[in-house]
Every structure is written in C-alpha cells, then in structure tokens.
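Visitor: Chain residues, written in single-letter form:
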Amino acid sequence: GAGVSQSPSNKVTEKGKDVELRCDPISGHTALYWYRQRLGQGLEFLIYFQGNSAPDKSGLPSDRFSAERTGESVSTLTIQRTQQEDSAVYLCASSRLQPPYEQYFGPGTRLTVT
Amino acid sequence: DAKTTQPPSMDCAEGRAANLPCNHSTISGNEYVYWYRQIHSQGPQYIIHGLKNNETNEMASLIITEDRKSSTLILPHATLRDTAVYYCIVRVAPTNAGKSTFGDGTTLTVKP
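Chain order of the listed sequences is A and B. So in our numbering, the last spot in the first sequence is 1083, and the numbers never skip. So in our numbering, the last spot in the second sequence is 128, and the numbers never skip.
In short, the hints are calculated from the structure, not lab data. Hints are not guaranteed to be accurate.
[To be verified] With the C-beta cut set under 7 Å, the calculated list includes, among others, these residues of chain B facing chain A:
| id | residue |
| --- | --- |
| 1 | Ala33 |
| 2 | Pro60 |
| 3 | Tyr62 |
| 4 | Phe118 |
| 5 | Asp120 |
Ideal Cβ placement from N, Cα and C applies to all residues, glycine included.
Can you make the complete structure from the sequences, with help from the hints?
Guide: This is the structure:
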C-alpha cells in the first residue's frame, strides 16, 4: 500500500518568508510525528499528534514553528519568518496505536533558506 | 525516555555478520528497544524491536542482555546495500515517542 508522502520534496525560500510543509500519513495510522534533521546529524523531534488528543509540541524550537492535523489525516508544518538555521530535512512519520508501534517515515522535505 | 549510546561508526566486510551495539543502561521496565536505519537521502526505516526477549525477523536479529542495559543488532550477512546509519532508541510505546530523539546513530559501512 501507499506509504507516507511529503510535499514538496524540495523547497528553497528566502529568509523571512513563511513556508508550509505537508505530510500525508498512511491511512489508519492514528499517530503522526514531525522531525527535523540537519545535515550530518540525527533526527530532532518537533511535534507528535495522537488521534484527537492535544498534540505534544514540546520539541518545537520556537514560536515560529507550528503544526496542524485534521483528524487522522493530513498534517501541515508551518515555519514563519524563516531563518537560515531552519535549513534542514523535515521528516514526517506515522504509526498505529497498537503493537509494535513502529514508525513509517516519509522521504522528507529538504528546506533551504537563502 | 532512556538515553542510548552507540559507536559513531563501524565497518563490516560484505557477506559477514554486522554486530551493532547499543547501551541503554537507564532503561525502564516498560521501555522497548527499537532499531531503525537510514540510507543516504531517505527517511528512516524500521528494522526490529524488542522488550526483553531476543527477536528475529527477515531483516535482522536483536539480542537484548538479561539486565536489558544493552542490546546488539545483528545483520547476519551484510550486503553493500546495508550501508546506512543505524539508530537505537528506547521508548514507552506509543506515547512519548517523539521524546526519544534518534541521536547520531552508528554509521555502518559495508565494504566489498
């Protein structure tokens, strides 16, 4: 079946502009996660959605970052007033809320802020 | 969630077994050990997970010590396509999943 998809695959934007990144999880996956991965580094947790519960936003680095999810479907990650340090690959993952809870990752969106 | 420690890099000869260690000395009784890998320019891929028993699937085997303070991922016959960054994480599934950051992992290079 279809995996997690993300769009766009690449995004180049000017410093100070806003960007929206989209994630389409696997159908039936209640949990959805956003991560950031800077060049040569590991994954950094940003936010976690679990069904209709309040999202865990503890990983968002600043108030310029926000994310929404409608029910158990699409999620968008918005970065306002982008800065050069926001340049990274943004990865989305989804999982079921039953064992073994493994996360399925999308291909990521490579964001470059010039 | 417990923190994990992995060596930054390892080499393995093609066709030989690759044994990747992970230390998680502060693991709690209800935390699982998960392994993922990330091949260059792709999203991470789930490999295997376990709680306290050793596990095996079509990709790999997971050996967890009796005290659960460490584990080893075994790729029985490594191929060039297994070259990737391997991440070991521990977490209470499924909550707090995000708080278990993936860290820097182990870069495995399989050589011909």
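Visitor: Of the hints given before, which are not true for this structure?
Guide: Checked against the structure, the only hint that fails is number 1, while the rest are satisfied.
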